[in-house]
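*Asks:* Spelled out from the first residue to the last, the chains are:
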Amino acid sequence: MIMDTIKPPAETLYEKELQALLLHDKAPKPPNWLLSPKAVRDFILGRDASLDLNGESVEITRKFYGDDVLIERAIVSLAGNRGLMLVGDPGTAKTMLSELLSAAISGTSTNTIQGTAGTTEDMIKYSWNYAMLLDKGPSLQALIPSPLYTGMKKGIITRFEEITRCPAEVQDVLISIVSDKVMNIPELEDGILFAKPGFNIIATANIRDKGVNEMSSALKRRFNFETIFPINNVKMEAKIIESQARTMLRQSGVSIETDRDVVELLATTFLELRTGETQEGYKIDTPQAVMSTAEAVSVYVQSAMTAHFYDDKPISLERLVQNMLGAVVKDNHKDLNVLKTYFSKVVKERAKGEGLWEDYYNMKKWIK
Amino acid sequence: MGGLLQHEKMDQITTLFAEEVFNFEKQVIYFPVRHHSPACSYHLQRTIAAYKPEIILLEGPENSDHLIDILTAEKTKPPVSIYYGYATEEHTYVCYYPFLDYSPEYVALKEAAQHGISAKFIDLSYGSRLESLKQGHDLKKENKKLSYHDETLLTGSSFIRRLCEKMKYRTFDELWEAIFEIEGIKKETPDFVRDVFAYCYLSRMAYEDDVLEEEGNFVREAQMKRHIEMAKQEYTRILVVTGGFHTYGLIEERNMTYKVRKAAGEKVYPMVYTFAEADQLNGYASGMPFVNYYDKIWQALCRQSPFPYTKSNINLLAELLHMIRKKGESVSVADAIEANDLIGGLASLRSKREGGAYELLDAVTSAFTKGERSIATSGPLEALRNIMTGNRIGEVAPNELDVPIVRDFKSMCKKYRLHIHTTGKKQKMLDVYAKALHRDNSRFFHCLQFLGVEFCEKESGPDWANYKHINLVREGWTYSYSSSVEARLIENSVHGGSIREAAIHKLEGIIKQVPNHNSCEAAKWLLQAILMGLEEIGGRLFVMVEDYVKQDSSFLSLCQTFHTLTLLYEQKRLFAFTESERIEKLISETYYHAVSKIYALAQPNPEEIEGIIENLKRLYMVMMKETLVLAEEIFHDQLGELLYAKTLPPQLEGAVAAILFNLNLLEREEIVQRARAYMFGTTEKMMLTARYLQGVFMIARDVFLYDEQLLADLDYVINGLSYEDFLQIAPELKLAFTYFSPMEIITISENVANLYQTNIVEINGPALDERMLIKAKNLDRTIRKEFARWNLV
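So the protein sequences, as listed, match chains A and B.
Reading the first sequence from the start, the letters are residues 122 to 489 in our numbering.
Reading the second sequence from the start, the letters are residues 271 to 1063 in our numbering.
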């Protein structure tokens, strides 16, 4: 299946699931919510039984792996008075979760502010069509609404990606809007925008990464924080890598099956390098680079694509190690040594017992 | 819950329940409980009112019936527990049977007492249970905290695990709270009891018979059945209250007979307990977590509150705000409001009537955490957990079974104004020199420490035993009371009826084991006895030391005894030591014995060298103080002899020479000469220079500070060393120079600078970079070449 867009939004990707859930949703909903909190939870965590949609059986798949209770807390937070702040290491699926929540609650996940160091206050609130402004003076027609403005007006979720990359003074624009649910537009007569029920903000933030700004205490007080921790289970991580890699490969027009054993090997390597502890309980060095699940997916997809296009194979360990090198060794050359040591200590030991690990060990030659 | 089970199975359970378990027409009805469950207590109260039993039989050690009156007395305030001790020839085992206000067993006891209903414990005692099992002794967990009601089998069954997965609950406790605590209190009593029975029955069915037998369930149930049969002879309406896991075991027909072997040497006492220890989260293997939280729920239930959880959650949130503010952290009421909203939202999402402990925890996690979850932001959650566990300590009404040592302990605590009515660490500063009461308090603490009561710990103040910080005049202690303190006291009750008696008795046992040539061990216990203020035994120990010194042939042991005795002499006022003359005589005798062994130290054990030097130094220092009249001459002679022993290790040689130099019995030149003898000897001897210097510097550092010759010689030796030899000697030399103070190091630096005609700044500056040296060398070579080309060199 090749799609028109590289990465369709969640509401398009899971259109049928959302429709089926909507059809069967009898639970009470907060005002302006597309689905009830229970159905939102089912959409993200999956359901045991599939649902019927006009004679078609639709399976509601699990889309988020990890702490299920976190999802419940996040949904309930969004129904309340405060915004939701998703924090955690890079690659822990914060953005994906934010998209899924928006799609299920408001039916759209595209009402998004993409935070950068260059984000300004008018990108968050509103700006003007200057030709019209000069022509007719300040009017609603001349006003260009921001995603936040749209969210308040329509009563839908506004996503704010990478909020900590914005300068602290720009972040603080949100303070009074989140608490008072109102935006003042002094340029207009009667320029007050009251937020419609259903409006809320899901922000994602990276706290420990380089180049991020501290959040003010006032802003922190207006959000409920949920920390997403990296997955700590090889089987679960392998499952995520497999399903995401499959989807990404299909989207790129490469129709190959994923290799479960290779995925598990990759997941094991990433998990061990991330946690600094091997399955046998030995301590190992960890690289400075972020060894996230998202990074592992990208290593697998790249390896599969290289193997597909150049070697005419579904995947090869040779390509895997070559691509892993790019993921592990980024801005710190010492990380190369960490990976090398991992191979000569951990992988070598396992190579004695298992064929796949032996082949994996033989690919150490690429780490240089 | 019924919906999760196949209808047939549920029907079968329902029939069994209606006919055999909870049939009011029958002579016996069985009430299955989970220990410490408020909902079970709530329905049990109703059952007692409806059924009006003549006797209530409870799962509890059968030899504890005499404690029932004490436990239900007006002045007894839970948490309390039955302390159970069981001693065989080889082992001692202890276990606890805690009661909280809302424990179903306690509620039953209270109701029985109030309505004049008989009550009786029917289970095997812990010891008899172990003795009756084939592999009972393997089950025993010595020194581990044991609960009489271990619910591991119940909570860990495969049935419960599957149920949690299916119903999406994190833990069994969350599942229990949702189904039985929150929903259960709104159910009709028979329906509630049926559900508890069904879930316990299915948990039990998840185990094979041999597992149940190994754990001693069958033998216990057989004994309980015997008691029920006996009660049937006498009473017409009997209510049996046991853990739900056993209910089926009591109605099930079993052909096996189980022989009970009674344990001997069992002790049972009523004792106080604490919320902290009753919390399952602190390793207590039965009952529910968050003891204080459910205590509040129970209070709300007693008040007939229509929404017991909602009200308690709000109160706890307010308490949390207060606690966080008290710690000086900022928190707003808005956070608590948000958390309260979240509790409601989560409860509705999870289809619960009200939000319980888990919704409260989740809500606080979301609303109170400001930033990424880490140690830095976990304060509010930690505080909430502490509040939910609580810090209450119970009280036991005064009674004849009151253990005398515990009574003595409490009266002492009162005397010294120690707070033992809440858990948590408290501090006490004791002015041991100035105040007699503080001195007594310190002795009391030392006694408790010696008895291993785990009540107090010394944080600061003089450490007499190790001769550290002895210039300090105050002692800082921390103490905290818990039921384990009381348990340890009860264990010590075999030694005596009061703290003092127990300490004396225990010490007597110890000193019997001290061999008669080990005077320092005897002196150590003498000091301990004096610190504990036990004059009675102190006198006897003093005689022992007098006797042992004569038979002691070890220099180190005698020196140790000497130092302990001088310490006692110097602090005789603090230690209330009156026989000044006698101790002076003993010190002088010990000194004589110790000093006369010096000559024999010529070939010491290498591991003892440092200790010997240290003790020689201390002997020398005591002599210098002149507070005691000691025969100096013998010390001088012995040292003089020792110095000329050929086998003397260099370190000891340096130390002896330095002491003699300080005593003006040796010229400085001789020390220098001896150093030179090493430095300019064979390579092997030269390597020992550092050791010799270590010995010298330990005693007399000034030799090096003011003798330029020694410095110049050392410099010469170092310059002449090969690279490998230098590497070998460097660590030892470095160690030798650690004895100098920073000021002295500066003086040495100045001397070295003078030697090299430079200044101290340059000497202390960073070493020259190797690369720079190479560069300079290359430059030099190039210039030389160039000069040579021009015929300039």
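Treat the hints with care, as some may be off.
[What the hints assert, rightly or not] Cross-link-like lysine to aspartate or glutamate pairs, in silico, DMTMM-like; alpha carbons within 20 Å at most: (1) K341(A) - E954(B); (2) K436(B) - D188(A); (3) K436(B) - D330(A); (4) K341(A) - D611(B); (5) K360(A) - E435(B); (6) K1004(B) - E1056(B).
[Claimed, not checked] If you want the footprint, here are the derived chain B segments under chain A, 3+ residues with CB under 8 Å: (7) 628-640; (8) 673-687.
Simulated from the structure, these hints should not be mistaken for laboratory data.
Beta carbons: idealized from backbone N, C-alpha and C, even for Gly.
*Asks:* Against this structure, judge whether each hint is valid.
*Replies:* Outcome of the hint check:
In summary, the hint linking K341(A) to E954(B) is not supported, as the alpha carbons are separated by about 71 Å, beyond the 20 Å threshold. Between the alpha carbons of K436(B) and D188(A) the distance comes to roughly 16 Å, so the proposed pair stays at or under 20 Å and holds. For the suggested pair K436(B) and D330(A), the alpha carbons sit about 38 Å apart, so the restraint of at most 20 Å is broken. Between K341(A) and D611(B) the CA atoms are separated by roughly 18 Å; this keeps the pair inside 20 Å, and the hint holds.
Distance check on the hinted pair: K360(A) and E435(B) sit about 19 Å apart at the alpha-carbon level, within 20 Å; holds. A distance of roughly 44 Å separates the Cα atoms of K1004(B) and E1056(B); the hinted pair therefore is violated under the 20 Å criterion. Under a criterion of three residues with beta carbons nearer than 8 Å to beta carbons of chain A, the stated coverage of the segment 628-640 of chain B is upheld, 7 such residues being counted. Interface restraint, the segment 673-687 of chain B with chain A: violated (0 residues with C-beta to C-beta distance below 8 Å; minimum three).
Of the numbered hints stated above, those contradicted by the structure are hints 1, 3, 6, 8, listed in ascending order.
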